[in-house]
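Engineer: Sequence:
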Amino acid sequence: MKNHNYLLIAYIIMWAVIFILPFYSSELYSIIRNTTSQLGAQHTPNAWIMNLTFILLGLGSIASGWGVLRGYAFHRVVLILFGLSLVLTAFFHHAPIDKSVEFDLQQDWLHSLFASTTGFSFTIFALSVAFIVQKKIDGIIAAGAGILATVLSMLMFNLPDWMGIWQRFIFILCFGWLIYLFWDTDRLKKR
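Read in order, the letters of the sequence shown are residues 17 to 207 in our numbering.
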């Protein structure tokens, strides 16, 4: 059975924002070096657009997955943690790219906390979904999404000159997988 996939709308908006907004952001911004969080950073032109996108992705994930995960309380809790932590990254902003600009250190710290929570909860969600899908291939894809999110996150910190590219891969692949997962309510084992 098909599901209302609100996440798909947010995903289409995300694609446009992560590749077009950099041209209307800080002059120092680089798609290759800078993250999507830095598009929504403190004192950054048009930051509200990226922050609104974070909200749409977080709420879209919860709205799209809730019905699909009926009977799977643990997965619903982790999905809520994932979605709400992503929403909270929109309210607590990253430090600006321009290091000479004063900023709120507590907001930057909270942004980092919620961004990390988003990543950890996504990984836990993806790996745990591998055990509740009906088809073996869907389990492999779910585990792959969790592992890929972790590997790409590690690349962000080990090869920071490419941080923007790694993070865009994370967003495109992981939200693409969530859309795939939530598209069909019959993908999961019956409870």
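It is worth saying that the hints were derived from the structure and are not from the lab. Check the hints yourself; a few may be wrong.
[Unchecked claim] In silico lysine-lysine, DSS-like type, Cα no more than 30 Å apart, as pairs:
1. K151 to K206
2. K151 to K115
3. K152 to K205
[Claimed, not checked] Have a look at the derived ranges for each label pair, beta carbon to beta carbon:
4. W199 to S128: 48 to 54 Å
5. N62 to F173: 23 to 29 Å
6. L189 to K152: 33 to 39 Å
7. L129 to R207: 31 to 37 Å
8. S116 to K152: 22 to 28 Å
9. K205 to I140: 30 to 36 Å
10. K205 to S116: 51 to 57 Å
11. I153 to R207: 18 to 24 Å
12. F173 to G87: 35 to 41 Å
13. F173 to F119: 44 to 50 Å
14. G155 to S116: 31 to 37 Å
15. I47 to I153: 31 to 37 Å
Cβ coordinates follow ideal geometry from the N, Cα and C atoms, glycine included.
Engineer: Each hint needs a verdict: does it hold in this structure or not?
Structural biologist: Comparing the hints with the structure gives:
1. Among the hinted pairs, K151 with K206 is consistent with the structure: their alpha-carbon atoms are about 12 Å apart, no more than 30 Å.
2. Between K151 and K115 the CA atoms are separated by roughly 49 Å; this puts the pair beyond 30 Å, and the hint is violated.
3. Between K152 and K205, the direct Cα distance comes to roughly 11 Å. Compliance with the 30 Å bound is thereby established for this hinted pair.
4. Against the hinted window of 48 to 54 Å, the Cβ-Cβ separation of W199 and S128 comes to about 32 Å, which falls outside the hint.
5. Here the CB-CB span from N62 to F173 is close to 27 Å, well matched to the stated 23 to 29 Å.
6. Between L189 and K152 the beta carbons are some 20 Å apart, a value that contradicts the proposed interval 33 to 39 Å.
7. In this structure the supplied range 31 to 37 Å holds for L129 paired with R207, their Cβ-Cβ distance being about 33 Å.
8. Here the CB-CB span from S116 to K152 is close to 54 Å, at odds with the stated 22 to 28 Å.
9. Separation of K205 from I140 is about 19 Å and departs from the stated range, judged on CB atoms against 30 to 36 Å.
10. Evaluation of the 51 to 57 Å hint for K205 and S116 yields a pass: the beta carbon distance comes to about 55 Å.
11. Between I153 and R207 the CB atoms are about 21 Å apart, so this pair conforms to the stated range of 18 to 24 Å.
12. Here the CB-CB span from F173 to G87 is close to 37 Å, well matched to the stated 35 to 41 Å.
13. F173 and F119 have their C-beta atoms about 21 Å apart, which leaves the hinted 44 to 50 Å range violated.
14. Under the hint 31 to 37 Å, the C-beta atoms of G155 and S116, about 49 Å apart, miss the expected range.
15. Taken as a hint, the range 31 to 37 Å holds for the pair I47 and I153, whose Cβ atoms sit roughly 33 Å apart.
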